[in-house]
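Position in the sequence shown (from 1) plus 24 gives the number in our numbering.
It should be emphasised that the hints constitute simulated quantities derived from the structure, not laboratory data.
Where is the CB? At the ideal position from N, CA and C, for every residue including glycine.
You may find that some hints are simply not true.
Simulated DEER-style distance windows between Cβ atoms [said to hold, decoys possible]:
| # | residue 1 | residue 2 | range |
| --- | --- | --- | --- |
| 1 | T664 | F768 | 28 to 36 Å |
| 2 | F555 | R180 | 41 to 49 Å |
| 3 | Y767 | P697 | 15 to 23 Å |
| 4 | N78 | E219 | 19 to 27 Å |
| 5 | K671 | I751 | 30 to 38 Å |
| 6 | E769 | T799 | 27 to 35 Å |
| 7 | I803 | A222 | 48 to 56 Å |
| 8 | G791 | N78 | 54 to 62 Å |
| 9 | F768 | F41 | 44 to 52 Å |
| 10 | P424 | F168 | 35 to 43 Å |
Only pairs whose alpha carbons sit at most 30 Å apart, straight line, appear in this in silico DSS-like list of lysine-lysine [said to hold, decoys possible]:
| # | residue 1 | residue 2 |
| --- | --- | --- |
| 11 | K182 | K491 |
| 12 | K318 | K397 |
| 13 | K397 | K573 |
| 14 | K477 | K491 |
| 15 | K182 | K130 |
| 16 | K182 | K128 |
| 17 | K573 | K487 |
| 18 | K128 | K397 |
| 19 | K576 | K318 |
| 20 | K576 | K482 |
| 21 | K477 | K573 |
| 22 | K397 | K491 |
| 23 | K318 | K182 |
| 24 | K482 | K397 |
| 25 | K477 | K182 |
| 26 | K576 | K477 |
| 27 | K491 | K318 |
| 28 | K397 | K477 |
| 29 | K487 | K397 |
| 30 | K573 | K482 |
| 31 | K482 | K318 |
| 32 | K318 | K573 |
| 33 | K128 | K491 |
| 34 | K576 | K397 |
| 35 | K318 | K487 |
| 36 | K318 | K477 |
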Amino acid sequence: MSLIHLVILSPLILAIFVPFLHKYFRQIHTGWFVLILPILLFIYFIGFIRSSMNGETYISTMNWIPSLGINFTVYLDGLGLLFALLITGIGALVVLYSIYYLSKEKEALNTFYVYLLMFMGAMLGVVLSDNLIVLYSFWELTSFSSFLLISYWYQREKSRYGAQKSMLITVFGGLAMLAGFVLLYIMTGTFSIREIIANVDIVTADALFIPALILILLGAFTKSAQFPFHIWLPDAMEAPTPVSAYLHSATMVKAGIYLVARMSPIFAGAPEWFWLVSVFGLITLFWGSFSAVKQTDLKGILAFSTISQLGLIMSLLGIGSAAVYYDYLDDNIYTVATMAAVFHLINHATFKGSLFMVVGIVDHETGTRDIRKLGGLMNIMPISFTLALIGSFAMAGLPPFNGFLSKEMFFTGMLHATQIDAWNMDTLGILFPVFAWLASIFTFVYSMILVFKTFTGKYQPEKLDVKPHEAPIGMLISPIILVSLVVIFGFFPNLLSPSLIGPAVSSILPDYFLIEDINIYFWHGWTPELFMTIGVVAFGTFLYLTVAKWGKIYEWFPQRLALNRFYDGGIVALERGSNKFTNSYMTGFMRDYLIIIFGFMVLLLGALIVKLDVFTFNTADAADVGFYEVILAIVMVIATLTVIISKSRLTAIISLGVVGYSQALFFVLFRAPDLALTQLVVETISVALYLLVFYHLPKFKVEITRLRFRLTNFIISVAVGLIVIIIGISANSSRLFESISSYFEAVTYTEAGGKNMVNVILVDFRGFDTLFEGTVLVIAAFGIYMMIKLRLADKKGGVEGEGK
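Construct all of the structure, not just a fragment, from the sequences and the given hints.
Given below as structure tokens:
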């Protein structure tokens, strides 16, 4: 295992020791121990920036299942490095924030930090894995750990509901994504992303290209909360604020963004990729910003704003894919959209992370997040107000903050989309900048609502649960650092250009982009983008001031068409349907269960035999049937029929024993004395046990069933017998390899030192199998013993109770 593998797995390793640290160092907040790791990891990844700027990549492989082409290969390029820095950097700030947000006396910190470290390690695995199956494994671990984090306050019904909702939607997308990965493997014969990109011509020419594209986008859209799968994100806000700041602003929701970016070299240039990524991104951008305005919960506003911003980044990646279609090496008018996506991804992590933390501070210090109860906190919480002001203005795209620069680049990318002379963009292209501009107006409105409805206006102490005051400095450090980055990246954006943005864009659009071409600055003259921004501010200000009048339009939307209503109804329908389906076959009758099991077996095996045409009947190597074998077979058939039709339990028991003893005689004829002895012992014990308990058995009754039931039994029985006979004959008639018995004959004595071949196979060659079989029998014996003990205890308790 190389160092970088250990780095990725280190959060998962530390998670094992967190419960012990929490138990034996209770006087110290567990977060202080956890904080050390993300800081060290962040410093470690910073060391790769120089090589990334030079276009170098780091690759390290650890074998896992090489026979299936599944190895833990770490691939660190510009895109992976950017996400690794976000995961560890924001992770360190979130852990620091959580130390002051979560009380060590009141909260179960051991479980919280275990879940958080699981998530951190899973995210690092997602963004640094070259193997698709390894990526998927970490991908599902993010869903599982986020489920645990969202339901951290599991006593609350809303927390459990939000966790379940996020799990169901994201896991559904993950399974679809896995199917897409399998299709890529079928097309290329490899799970390596690098090798698939090298064979992109094979992929694009294959008939499975479009199905793989759609399935992979399902995984990306569900994870990054794209419309209509966005409904899980607002309910996930029931998690503690540190979780929301980490998962739902900087990391988990951006896993879908990462997947689209990573898959762009494979799918970019295809019109289906362009339309799906761009259009769904724009719809998500608009719907998220439009829905955020009507929210009254601060985290609700941030939830829908996150949805909107994710749609913005997704739409930019869609527009940027046009660069591959045009194959322009000298003109980067289309790569500006991808540049904007990467730049805004960084900016969003800074201002949205700080806003989540500020909202957590407001909730922590006032006891509410309802903007109808808040107001006038500017003088009471001046530092928090300043942080919220800068973060909100950056989110609204106002200068001089970093959000303004990436928003201008966003407008540039949307305007360039109108210049695409393919894919019907000559008529539909105008909708891209129009939707982008309208969504930006609502983004401005909810940004102003977030900061001014909370910190300005009338102070309402009678509506607050606690007396508000400024947060302690420890809780303010993390948002202060993030807001400082908002300002720094706004004034000095080219600190990021060659170090992070350029290498990441080069990973998304290899061979179509030069790092030297990036130069981000404020003033570009009186451009259409600037006029669009002026229009956003003007119309946005008007809508914010008049929101009480026009806000009633939200009441026009029928609730019966709400996506959440469809989700809830779907869950209820699934529960009812599954109950009905389960009750239809869980009848409590063994006969029904056997009919289902054997019927399915017959249909499946029979269909395969017919479809594959594998039935063969070759008697060339068959042995002659002797007189004694015929007699024994007739005796077994008669004894079996006697068991079925017998009206006496004693007769049935004796007939069943006859079947077993006849089977033992067959083993004698076939020269298998060990099997014969085993069969004789088993049958003797079975018959003896039946006779021992004979007196205690209930009175024997012969139930007369209707003809159709007996006919069903007869058909199933005959079908099972025939299918087993057909399979046995076919297997014996078409041997593809030499019998393995010759191998055991040769090595039983020389290698295992035994003369009894059967015993040697059971003890040596299949030793573990025999060991586990014995273990199962021991477990079953303990279970029977405990049931007898419990039954005797119940009877004893009942007698004592009656005596009393």
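Results of checking the hints against the structure:
Checked against the given bound of 28 to 36 Å, the beta carbons of T664 and F768, roughly 33 Å apart, stay inside it. A hinted range of 41 to 49 Å holds for the C-beta pair F555 and R180, which are about 47 Å apart. Distance hint for Y767 and P697: a CB-CB separation of about 22 Å, consistent with the stated range 15 to 23 Å. Judged by the Cβ atoms, the range 19 to 27 Å given for N78 and E219 holds: they are separated by roughly 23 Å.
In this structure, K671 and I751 meet the distance hint of 30 to 38 Å, their C-beta atoms being roughly 35 Å apart. The hinted range of 27 to 35 Å is satisfied by E769 and T799, whose Cβ atoms lie roughly 30 Å apart. About 51 Å separates the C-beta atoms of I803 and A222, a value consistent with the hinted range of 48 to 56 Å. Separation of G791 from N78 is about 55 Å and conforms to the stated range, judged on CB atoms against 54 to 62 Å.
Checked against the hint of 44 to 52 Å, the C-beta distance between F768 and F41 comes to roughly 48 Å, which is consistent with it. Between P424 and F168 the beta carbon distance is about 42 Å. The supplied range of 35 to 43 Å therefore holds. A distance of roughly 26 Å separates the Cα atoms of K182 and K491; the hinted pair therefore holds under the 30 Å criterion. A hinted pair counts as satisfied when its Cα atoms are at most 30 Å apart, and K318 with K397 qualifies at roughly 15 Å.
A C-alpha spacing of about 20 Å is found between K397 and K573, which places the hinted pair at or below 30 Å, so the restraint holds. Restraint check for K477 and K491: the C-alpha separation of about 18 Å stays at or below 30 Å, so the hint holds. For the suggested pair K182 and K130, the alpha carbons sit about 20 Å apart, so the restraint of at most 30 Å is met. In summary, the hint linking K182 to K128 is supported, as the alpha carbons are separated by about 23 Å, within the 30 Å threshold.
Between K573 and K487 the CA atoms are separated by roughly 25 Å; this keeps the pair inside 30 Å, and the hint holds. The suggested pairing of K128 with K397 holds, with an alpha-carbon distance near 29 Å, which does not exceed 30 Å. Between K576 and K318 the alpha-carbon distance is near 9 Å, which keeps this suggested pair within the 30 Å criterion. Simply put, K576 and K482 have alpha-carbon atoms about 23 Å apart, close enough for the 30 Å limit, and the pair holds.
Taken as a hint, the K477 and K573 pair is honoured in the structure, with Cα atoms around 16 Å apart against an allowance of 30 Å. Note on K397 and K491: the hinted pairing holds, with a Cα-Cα distance of about 13 Å set against a maximum of 30 Å. Proposed proximity of K318 and K182 is supported: the alpha carbons are some 20 Å apart, at most 30 Å. Restraint check: the Cα-Cα separation between K482 and K397 comes to about 10 Å, which is no more than 30 Å; the hinted pair holds.
The suggested pairing of K477 with K182 holds, with an alpha-carbon distance near 25 Å, which does not exceed 30 Å. The hinted pair formed by K576 and K477 meets the criterion: a straight-line CA distance of about 18 Å does not exceed 30 Å. Distance hint between K491 and K318 is fulfilled; the C-alpha atoms sit about 27 Å from each other, no more than 30 Å. Restraint check: the Cα-Cα separation between K397 and K477 comes to about 10 Å, which is no more than 30 Å; the hinted pair holds.
With a C-alpha separation of about 6 Å, the suggested pairing of K487 with K397 holds against the 30 Å cut-off. Straight-line distance between C-alpha atoms of K573 and K482 comes to about 20 Å, which keeps the hinted pair within the 30 Å bound. Only pairs whose Cα atoms come within 30 Å are accepted, and K482 paired with K318 is accepted, the gap being roughly 20 Å. The straight-line distance between the Cα atoms of K318 and K573 is roughly 12 Å, inside the 30 Å bound, and the hint therefore holds.
A C-alpha spacing of about 22 Å is found between K128 and K491, which places the hinted pair at or below 30 Å, so the restraint holds. Annotation: proposed proximity of K576 to K397 holds, straight-line Cα distance about 20 Å (limit 30 Å). Taking the CA atoms of K318 and K487, the gap is near 21 Å; set against the 30 Å cutoff, the hint holds. For the proposed pair K318 and K477, the alpha carbon gap of about 13 Å is at most 30 Å, so the pair holds.
Hint violations for this structure: none, all hints satisfied.
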